[in-house]
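**Q** So you can see what is in the structure, the chains are spelled out below.
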Amino acid sequence: MPEIPLIKVDRVSKRYGPVEAVQGVSLDVERGAFVSLLGPSGCGKSTILRMIAGFERPDGGRIYIDGSDVVDVPAHRRPVNMVFQSYALFPHLTVFDNVAFGLRRKRLAREVVKEQSRHFLGLVGLEGMEARYPSQLSGGQQQRVALARALANRPKVLLLDEPLGALDLKLRKRMQVELKQLQREVGITFIYVTHDQDEALALSDQIAVMNRGELLQYGPGRELYDSPASEFVANFLGEANLLPCRILQQNPSPAVDIGGTAIAVASLGDGAREVGAAALLVLRPEDLAISREPPLGPCRLPAQIEDKVFLGASFLIYLRLDGDIPLTARGSDRAFFDSVDAGGKVWVGWQAERARLVAP
Amino acid sequence: MRGAGFSSRAARQAGIGPAGAWMLRGFSWTLLALLTFPLIVLIGASFSASDYVHFPPFGLSLKWYGAFVKDPTFLNSLILSAEIAGSAACFATLLGFPAAYILLRRRFPGRGILESLFLSPLLVPQIIIGVALLQFFTFIGIATSFAGLLIAHVVSVMPYVIRTVSAALQNLDPRIEEAAADLGANRLEVMALVVAPMVKGGLIAGALFAFIMSWVNVEVSIFLGVTGGYTLPVVLYNFMEYSITTVVVAAASVAIYVGIALVLLIDRVIGLNTASRL
Amino acid sequence: MTMPAVTSVIDYEAVASSRGGRLGPLREVWPLWPGLVLLVLAFALPLLLIFPESVSVKGRLSTAIYRSIARDSYYWSVIGRSFWLSLVSTLICLCLAYPVAYYLVRVVRPSRARFAYMIVIAPLFTSAVIRAMAWLTILGRRGIVNDALAYLGLIAEPLRMLYTEEAVVVGLVYIMIPFMVLTIAAVLENVDGTLEEASRDLGASPWVTFWRVTFPLSVPGVLAGCFLVFALCLSSYVTPALLGGGRHKVIAMLIFEQFMRTFNWPLGAALACVLLIATLLIVWGYNRALSRRFTTRHRVAGAAA
Numbered sequence: 000m001p002e003i004p005l006i007k008v009d010r011v012s013k014r015y016g017p018v019e020a021v022q023g024v025s026l027d028v029e030r031g032a033f034v035s036l037l038g039p040s041g042c043g044k045s046t047i048l049r050m051i052a053g054f055e056r057p058d059g060g061r062i063y064i065d066g067s068d069v070v071d072v073p074a075h076r077r078p079v080n081m082v083f084q085s086y087a088l089f090p091h092l093t094v095f096d097n098v099a100f101g102l103r104r105k106r107l108a109r110e111v112v113k114e115q116s117r118h119f120l121g122l123v124g125l126e127g128m129e130a131r132y133p134s135q136l137s138g139g140q141q142q143r144v145a146l147a148r149a150l151a152n153r154p155k156v157l158l159l160d161e162p163l164g165a166l167d168l169k170l171r172k173r174m175q176v177e178l179k180q181l182q183r184e185v186g187i188t189f190i191y192v193t194h195d196q197d198e199a200l201a202l203s204d205q206i207a208v209m210n211r212g213e214l215l216q217y218g219p220g221r222e223l224y225d226s227p228a229s230e231f232v233a234n235f236l237g238e239a240n241l242l243p244c245r246i247l248q249q250n251p252s253p254a255v256d257i258g259g260t261a262i263a264v265a266s267l268g269d270g271a272r273e274v275g276a277a278a279l280l281v282l283r284p285e286d287l288a289i290s291r292e293p294p295l296g297p298c299r300l301p302a303q304i305e306d307k308v309f310l311g312a313s314f315l316i317y318l319r320l321d322g323d324i325p326l327t328a329r330g331s332d333r334a335f336f337d338s339v340d341a342g343g344k345v346w347v348g349w350q351a352e353r354a355r356l357v358a359p
Numbered sequence: 000m001r002g003a004g005f006s007s008r009a010a011r012q013a014g015i016g017p018a019g020a021w022m023l024r025g026f027s028w029t030l031l032a033l034l035t036f037p038l039i040v041l042i043g044a045s046f047s048a049s050d051y052v053h054f055p056p057f058g059l060s061l062k063w064y065g066a067f068v069k070d071p072t073f074l075n076s077l078i079l080s081a082e083i084a085g086s087a088a089c090f091a092t093l094l095g096f097p098a099a100y101i102l103l104r105r106r107f108p109g110r111g112i113l114e115s116l117f118l119s120p121l122l123v124p125q126i127i128i129g130v131a132l133l134q135f136f137t138f139i140g141i142a143t144s145f146a147g148l149l150i151a152h153v154v155s156v157m158p159y160v161i162r163t164v165s166a167a168l169q170n171l172d173p174r175i176e177e178a179a180a181d182l183g184a185n186r187l188e189v190m191a192l193v194v195a196p197m198v199k200g201g202l203i204a205g206a207l208f209a210f211i212m213s214w215v216n217v218e219v220s221i222f223l224g225v226t227g228g229y230t231l232p233v234v235l236y237n238f239m240e241y242s243i244t245t246v247v248v249a250a251a252s253v254a255i256y257v258g259i260a261l262v263l264l265i266d267r268v269i270g271l272n273t274a275s276r277l
Numbered sequence: 000m001t002m003p004a005v006t007s008v009i010d011y012e013a014v015a016s017s018r019g020g021r022l023g024p025l026r027e028v029w030p031l032w033p034g035l036v037l038l039v040l041a042f043a044l045p046l047l048l049i050f051p052e053s054v055s056v057k058g059r060l061s062t063a064i065y066r067s068i069a070r071d072s073y074y075w076s077v078i079g080r081s082f083w084l085s086l087v088s089t090l091i092c093l094c095l096a097y098p099v100a101y102y103l104v105r106v107v108r109p110s111r112a113r114f115a116y117m118i119v120i121a122p123l124f125t126s127a128v129i130r131a132m133a134w135l136t137i138l139g140r141r142g143i144v145n146d147a148l149a150y151l152g153l154i155a156e157p158l159r160m161l162y163t164e165e166a167v168v169v170g171l172v173y174i175m176i177p178f179m180v181l182t183i184a185a186v187l188e189n190v191d192g193t194l195e196e197a198s199r200d201l202g203a204s205p206w207v208t209f210w211r212v213t214f215p216l217s218v219p220g221v222l223a224g225c226f227l228v229f230a231l232c233l234s235s236y237v238t239p240a241l242l243g244g245g246r247h248k249v250i251a252m253l254i255f256e257q258f259m260r261t262f263n264w265p266l267g268a269a270l271a272c273v274l275l276i277a278t279l280l281i282v283w284g285y286n287r288a289l290s291r292r293f294t295t296r297h298r299v300a301g302a303a304a
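Residue numbers (numbering that gives the first Met the number 0), protein chains in the order written: chain A, 0 to 359; chain B, 0 to 277; chain C, 0 to 304.
Rather than coming from a laboratory, the hints here were simulated on the basis of the structure.
One should not assume that every hint holds.
One-sided excerpt, in silico: chain A residues whose CB lies under 7 Å from chain B [stated by the list, open to error]: (1) 57; (2) 81; (3) 101; (4) 104; (5) 346; (6) 350.
Each residue gets a CB set at the ideal place from its N, CA and C atoms; glycine is no exception.
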């Protein structure tokens, strides 16, 4: 028997005045999953999170938690808890009282409250800090208190609104690892909002990419990376080369026309692909191979090297194809790096399965 | 610029030279001295040994303070004023804080009108409030009761609480209230457990303002005596229609001390710079 | 790591219908109700009931009282005196308070500022009765002013300063100066100092800068302060009653008399309505002044969420 998803967002929309913050977004969150809502600021990801939490009311659509429609349920009655971007700790309460707050609202026995609060403080590594006040803690510590406070309530879902945004880079990376571990240990479903694609890829089981209120693609990070559904997704997750092309044929094997040259592709992808229609070929920089002689295989184009940049662990080569199309390649073979120069004429090749077609 | 006297940045921006600054300084402090002068006269005269009011006082003595405390009319009025002011401050804060919070946080039709309504006792002349309440309370029979006087005071001073608390609430991060709701607190709990402690200063200051405004109120109290007495300012007023003796001045001085004490208290709680903005 | 057993689990309950429906908004704001009910019953309602009192003559609706007021020159003289005294007091107050406000905002040393504000606010915390008492003591026949003048040999006989219109003005000005100072100071703070710098940079002397830049920008606040003080003076009772000695009556004194001495409540109510309308007009002017576009509102009384 298929399990119903823990959270079901069904064609939800929200507008603020003339602005459509969320447009008909649907997604399902499985129990125990770590899902990220990824997108640039203003794309609506925080709005969806707040609608799940109960701080905003959708103008259209429904939201189901564990099968029940929660749209009319006020925030303090929902089995979800949120970790705010600014932590929103109660300044007038100690760390312990902050963490115990939700438990006390449930009228649990004092012993239980004490035990639970201590447990979760320990889980986030803050045992011994119970008597401190938020103002006495560092940013990272405050973040953990916010986490413990939310988790102590055993919510069905934990909502996190860019919780690591205020931390410096090193601390952020460390907290990412800890968060992932915590999620596995505690087993609670996490819905995580971020604009940082590295973070989303590192943490999530599933990523929902959003832009301008629309959900563009939803799936495991690898699937989004290898098979982006649109130009925006291709660009947003990782770097992408986008080559303008025209559909040449579907049979006997799919091919496109790039600047007059026929290039084979693995598939024409989903959606209407008529012969003659314009499209974009997505190529990741690390999938490109550069050589002096034309490589074997049906995917190759002549190019001219414009520049090369050494980045330490890898390097970038900037090329230009005929027809003035820029291309970026990434590699790590030092010998090769040294052997090429700006102005050199080379061939660029790739494997057909690595390329994807998206609509322009 | 040293030596020639302090010149603030703002003064330099405006181009006020040392001469101009000294003129302004002299004028202002003279006026400020004149503002305190009448109060000093009263306080000084209250220490006079004779019962004829004069400043500088003829001889020095505390006996008129003693007379004031022993006189039942004065003492009862002092107690009544204190009771009314204290109760009015409490009730005004209890009723005004939720009102200020809801007016600030919730959107609902008619919010603007309600906001004006809550502040309107400040705009309507005191004397008109007094006669209106006299008329109405007589009609419903509480015109000479403690409850009537108290209600009149609460209504008159609640706007002060609302203004003070609203100012404090403005600085509150709404996310913290959301966090409390998220953690399961219903609206009452959010207000009482999270918001109120965070605006403690504003609440106390509001209560203090309410207290002192009730304490000095005369044009409403003058219409609503309680069977058995009036508040202190009204008693003083009645005495003054006949003659002023030193014991009356002593009573007035006691009221002044209370006022000064409250200025200092409010300064401690929210600082007078904030207070003067309200 | 295992989770300790929890004795109570939050059970999610599905709340089927909406909470409140039509009544929702009213329920949402329930903490407001007690204060609102009190205000309506013990303030709005009594105020509204003044008017019916003023138009009921022997149990019937009639504007007879208003007509008799309009016809009687005595009332006009009282109303006229009230306006005149208020106007004079307001103007004197303005002239005295503006420099002090300017000083407090632009010149005063921060360490002295707190003390200065204390002095400005302290009189507000004493009753009007007490302040009037003080002036009775100062300006009386054997008060300190007469004593000083006699001591200096300037007068042979004590001057009669009390129970005159001048004494009332002195009393009113004394009471109103703190209001005016605080109102003007609040507005002056919002005048950007860099504008004054710019003016001087463009060649204006400090005095001209004041008259052409600073003062015009402060005018809305000045007007607001004047309206406020004027309204307060117009409706004041205690100061004119005590310092005017009953001979120079103002509106508020008439109202008081009708209610407490002659018990002619309808007449008192009619006079109260006249005063109320005058005050409302002034308040309207005050709001207009404050909303002028080049000044920011200096009052904080609930605002956008």
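**Q** Now look at each hint and say whether the structure bears it out.
**A** Cross-check of the supplied hints:
no. : hint : result
1   : 57   : violated, 17 Å
2   : 81   : holds, 5 Å
3   : 101  : holds, 4 Å
4   : 104  : holds, 4 Å
5   : 346  : violated, 56 Å
6   : 350  : violated, 49 Å
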